[in-house]
Amino acid sequence: METSFISSCLDCKLLPQNSAPFTKNLGLLLSLIFLSDPWDPELMSQDLLFRGRVKQPARAKATIDVIEQLNHFLWDHGDIAFGPLGMLLQENFNLGEKKKSRKNKMVMNTEWLLRDLNGYQPKGCPWAHLSTRQRRFSLLGGTVLGEEVENLLGGLLHEELETRWKRLLLDEASTGGALGWVPGAKPHHGQLVYPTGRAHDQLNFQKVKLSPTNEPQALGDPSHILLRGPVRQVVTRTIQGEALVAVRSDHHCALWKLEHRGPPEPLQVLEMEKEATGISLSPHLPGELAVCTRSGAVCLWSPQHGLQQIHKDPETFVFKDPSSWRWADFTAHPRVLTVADRTGLRFADARAPSDCGELLFRVGAEASCQRGERVLLAQYLGTPDPLPLSPTLHLVCTQFSLYLLDERLPLVPLLKWNHGLLSPPLLAQLLPPPYPEAPLPLLLGGLGGHLRMLHLSGSGRTPQLAAPPQSLPSLIDSLPGFPVLEPHGQQLLQERLRAPLTGLAAVVPPGCPSPTMLLFQLSAAGDVFYQRLWLQPDTSSESAVSEPSAVSWKPRAVACCRRWLKTLLQVPPTLPSWTPPTFSQHHLRWLKEENKGKVQEGLRAAMAEGRLLLQGDLAPLPPSDPPPAHEPFGTEDKLSERLEASWERKGAIWWDGQRDGSRLPRKRQSREKRRTQLSSSFSSVRSTSDFSDVNSPLPHPPKTPSPLHRMSETSQSLELSQELWVKNIPRERRQTLRDYLAVLPSPDSGNCSIPQFQNPSSQSLSTSEPGKCSVPCSQNPRTQTLFSPLPESYSAFYSQNPNSQSLYSQNPNSQSLYSPEPAFNSVFHSQNSSIQKLPSRHTPSLAGSQPLRKKPRMGF
Amino acid sequence: MDAFSEELMGFVQKDNQVEASKDPVPEIHLPWLSQHIQSTGSHGQKGTNFAQTTSICLNFIQEALLKHQWQRASEFLQCYLQTLEDINSQKRQMAPEIIWKLGSTILYNHPKSNVETFSAFADRMKNIGVQNYLKISLQHALYLLHNGMVEDAYRNLNQAESWRYGEMSASQEKLIKLIQAYRGLLDYYTWSKKRTEVSSFDMDGFATNAATQDMHSYFRQASVNLHEIIKIPGVWDTFVKSYVEMLEFYGDQDGARQVLTDYAYDNNFPSNPNAHIYLYKFLKKEKAPEDKLISVLKILHQIVPSHKIMLEFHMLLKKSNKEEHHKLGLEVLLAILDFSGCTENITAWSYLAKYLKQIIKGKHREWVQEGWSSRKDWWPTFHFSYYLAKKNWKENRILALKKAFTSGILLGKGCKYFMYVSKQGHKIREKSIKTMKKFVMKHNILDSEEH
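Sequences listed follow chains W and D, in order. Mapping to UniProt numbering: the first sequence position 243 is 243, numbers consecutive. Mapping to UniProt numbering: the second sequence position 311 is 311, numbers consecutive.
Watch out, some of these pointers could steer you wrong.
A short, non-exhaustive set of chain D residues, derived as facing chain W with CB atoms under 8 angstroms [claimed, not checked]: (1) 29; (2) 31; (3) 68; (4) 339; (5) 369; (6) 370; (7) 373; (8) 374; (9) 387.
Once the Cα atoms are required to be at most 30 angstroms apart in a straight line, the calculated DSS-like pairs of lysine-lysine come out as [as the list claims (entries may be wrong)]: (10) W/209 <-> D/391; (11) W/209 <-> D/390; (12) W/186 <-> D/416.
Calculated from the structure, these hints are not laboratory results. Being a predicted model, the structure only gives us computed values, none of them experimental. Note that CB positions come from ideal geometry on N, CA and C, so glycine has one too.
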């Protein structure tokens with residue numbers, strides 16, 4: 001009888017076309033753990049890629065927007081960008097110190113320059129005026145400053161973006177997966193081991209009780225250990241009754257032994273200079289591991305015998321490939337390992353270390369590989385349990401296909417299947433048969449959350465596919481099962497469910513009346529989901545007519561999901577990832593005396609508590625003109641009106657009303673449009689004359705007009721284009737033209753980004769003292785409110801927010817990850833004796849725990 | 001990932017041009033790259049509506065296949081046929097193969113499909129374009145074989161073989177060879193059927209003669225084709241076996257031996273343990289001298305030390321007169337037990353226990369020490385741990401006793417495994433325990449090292 005697993009998390013009512021021939025299965029989904037941090041969607045291609053029209057239209061190409069990024073950097077971190085250069089030049093400038101005399105000819109007195117700057121009006125100020133001194137300085141220094149910054153920073157930024165882009169395309173760090181299952185002493189108990197935390201640096205051990213019929217239950221709070229780096233891979237194995245957990249971080253690898261009672265016992269920690277890329281636990285000898293690093297070295301490691309280098313070769317095996325990724329696993333012989341790189345797989349013998357073992361797999365003709373195909377994952381499929389399959393099987397995954405190889409018959413794959421995953425397949429697991437003589441399920445998981453299941457039967461000891469491969473429901477497929485939410489919540493939920501899949505652990509609970517399989521999935525957001533799959537006889541041969549899918553969620557799962565969702569929605573909405581710093585210290589200084597004390601007080605209080613500075617902490621804002629109202633006929637207005645109407649289910653009425661009274665406004669609207677188009681086309685001509693690759697600006701009326709921004713852009717283009725004008729325009733007319741330009745509405749802000757990059761000297765002036773713009777600032781109180789853009793204060797806000805803590809007390813199922821775990825204090829103390837490198841108890845510094853996007857690492 | 005640097009040429013032209021020219025590394029191809037680029041919105045080739053709809057349709061089909069929704073997939077496939085008229089010539093050329101792959105998978109699994117439908121589909125697809133004729137014919141034939149329709153399959157292969165289009169390309173040639181080989185295999189199948197018929201015949205000479213002649217003609221047809229395919233480097237176990245069987249039947253022992261030797265020892269062929277096993281079995285049947293058998297198995301021992309035929313090899317070596325063979329005999333046994341699949345192989349353990357005894361009595365203790373030296377750091381945990389002692393004793397007492405004896409010899413009387421088993425054995429008054437203990441006390445290699 002051919003059998004296959006099927007399941008679905010979908011409610012059949014919500015998904016009409018769910019007409020699989022296998023039905024009657026119930027799937028359910030439950031989150032056991034919920035991370036406190038708001039899920040921060042990872043870096044997207046949109047953040048890095050050039051969005052404008054690229055000159056070569058022939059092929060779709062990815063072009064990284066270095067200029068835009070550099071421009072942002074110069075704006076936001078002018079001190080970092082220009083600081084070192086300023087330090088170098090400091091000797092040659094007298095900034096008002098008395099010691100530096102005028103005798104030295106190399107020293108320039110900047111007193112007047114500074115004075116000019118003191119009254120400096122930032123870009124955008126219509127009354128901006130450049131003194132001759134300033135102009136001279138910027139003309140002389142501009143090239144030097146500009147070139148230096150361009151060369152140094154540009155190179156570094158380019159490199160950084162390149163690595164980010166590579167990681168975005170193929171995030172090899174999470175190869176192998178960071179979710180492990182350790183079976184317990186009793187048959188239906190076990191532990192899940194997985195990382196959580198913003199930096200994935202908290203290793204959790206969650207006890208789980210399985211049940212043959214009901215859903216698994218989390219027993220108590222997870223105990224946790226705080227590590228120094230992000231956990232990339234978790235490997236678990238039980239050999240000879242000893243349950244071991246190995247963890248790979250970027251520069252550390254660690255090994256724990258799990259006792260049935262009591263906390264995990266740390267065995268040893270290994271520190272590596274180069275980044276570790278793979279770790280695996282021996283299926284033969286307890287406590288033996290294979291570790292490999294980016295240097296090309298592969299070591300056999302055991303707490304008793306220490307490290308033994310088996311293989312070291314910085315070059316790739318078959319042909320030259322730039323990737324330094326390596327992977328190591330075991331074979332049927334406990335002393336022989338397999339070492340993988342992107343081009344192939346080869347044996348490495350621990351008894352006679354050499355760099356040229358026999359090849360087991362190579363990207364080439366034997367496996368009829370495609371052009372550009374590379375090894376992404378290699379895994380030894382043998383286990384100590386006697387399986388129906390031969391213990392000599394190895395799995396190799398590339399971006400296109402899956403290969404099964406027998407180590408006795410190298411190079412020629414026994415089986416090849418095109419998996420069709422649209423994300424790198426970095427997770428795989430072979431499971432024991434759900435009942436004797438059933439085919440063995442082999443799971444394959446892509447980083448994007450897609451799952452494939454193959455059924456391997458070992459009749460005659462050669463592996464065969466017992467049934468056509470299947471796809472399993474991914475997390476996002478469970479979306480229709482959730483209640484309908486408001487758009488914001490819906491988006492939050494969607495993002496959360498779409499988070500990359502970073503761990504996969506499947507369990508076949510022993511002694512179930514009907515064969516079943518539990519599938520735990522860890523997402524990058526820190527959620528652990530599970531689904532239960534039932535084994536069903538293959539009914540496809542009997543009738544083509546599919547029965548209606550009888551898939552539904554169990555009530556308990558529904559309740560659990562709702563609780564999870566509730567907690568998720570209670571998390572404060574994520575702030576925009578970056579807002580330009582609008583806080584102005586200068587403005588504070590200019591406040592009246594009576595306000596000053598209050599402001600300082602508020603500031604201090606906020607700093608002491610480490611939270612965001614809110615408007616309420618500051619004094620009431622200086623009286624100012626009300627912000628300009630909405631453009632009466634802007635598109636947003638209509639949209640929001642219409643939305644409001646449709647929320648109240650009066651959309652049709654609104655529409656009718658619009659149709660009747662639309663003529664007059666339309667006229668005015670078109671006039672408005674023409675005006676903006678005119679002005680923007682003017683500015684675009686101006687800018688494109690200088691910079692040929694500027695995309696044409698999109699004419700769109702300014703939303704909430706922010707004089708600060710708008711004007712800065714105009715005046716900036718004014719400054720920039722000055723050089724050209726000087727040649728062509730009579731002197732007496734320049735001022736008039738300048739005034740005229742200053743009054744013009746701004747072009748799209750995207751335009752001005754490139755000029756800023758091109759003229760960093762004026763940039764350095766503007767960023768050195770960003771706050772001295774009293775006039776425009778007071779016009780728009782909105783830009784003054786402090787949206788702290790700094791990541792530090794941002795995360796501090798969340799970790800200290802009493803609300804986010806109280807979430808846990810409300811939710812019995814989501815465990816308090818932050819509550820100090822008394823059991824673990826002792827662990828840390830006991831580690832002193834045996835561990836070389838202790839995982840520190842310190843909370844990692846906030847900056848370190850940030851996703852890198854927030855704080856670009858520039859090598860400074 | 002140098003694709004990336006090339007792509008940046010628009011910005012940093014000169015640098016990357018140098019880099020691209022000096023480094024002609026083939027790039028990694030990421031099928032999900034286009035998705036990433038498309039997600040940035042305005043950038044990238046948008047593609048026509050036609051291309052979009054077909055690609056969406058293809059996704060639907062693949063999804064349905066992976067969910068085993070054959071009916072749904074077949075409905076989508078009907079729409080997908082439009083790709084055959086794609087304006088993009090590259091896609092148009094690829095289309096028949098994709099359709100064939102999808103369609104054959106659907107028809108293979110669809111509960112309502114039958115051989116006629118499949119054949120009709122295959123015949124249609126063969127003749128769209130010219131590139132896929134041979135491939136589809138071969139797969140069609142295999143499908144027919146799978147359904148037990150040998151004659152149809154044969155006819156199909158025959159037809160495919162005679163098909164010609166233009167000049168033969170390299171890939172075509174390979175496929176033709178493969179088709180011929182399969183035809184040869186079917187000829188062999190008929191031949192062996194005839195052979196059983198002839199042997200069961202109890203008729204007059206004339207009928208037998210005619211049948212034998214008939215058989216012979218099949219042999220000739222098959223041998224030509226099979227001989228061709230096994231010249232090409234590859235894994236051709238089935239073809240080689242049938243070819244050798246026919247050669248043997250007609251008494252061409254030299255030919256058969258030659259074929260098997262070439263298959264085993266040709267360096268162009270991928271390493272294949274089966275080739276050595278076939279050769280060994282053939283030689284054994286031929287009653288070849290033991291030295292020859294040993295030399296064949298020696299190579300197999302180097303390739304696959306864990307093969308079960310190695311136990312036979314051990315016996316051969318044991319019987320041999322040469323001392324070096326005796327020494328190798330121990331190594332062969334130890335090598336078998338190195339492998340995780342053989343840890344509970346009771347035959348191997350009992351051979352080892354017996355052989356150790358024999359060696360020690362024969363005063364070759366240094367052999368044991370030599371073999372042990374490379375294993376002493378991991379065998380104790382791999383074979384002789386306390387956990388395994390308990391487990392083996394519980395599951396298989398004889399195995400436990402054999403292992404305990406070996407562990408006692410190799411690790412001395414203080415070994416956990418030995419102690420546990422002898423204690424348990426003492427409890428139930430197992431007879432052999434005493435003799436075992438006595439021997440171990442006297443002869444374990446640990447104590448003898450100290451002396």
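Query raised in the report: Which hints from the list above does the structure break, by number from lowest to highest?
Result: 5, 6, 7
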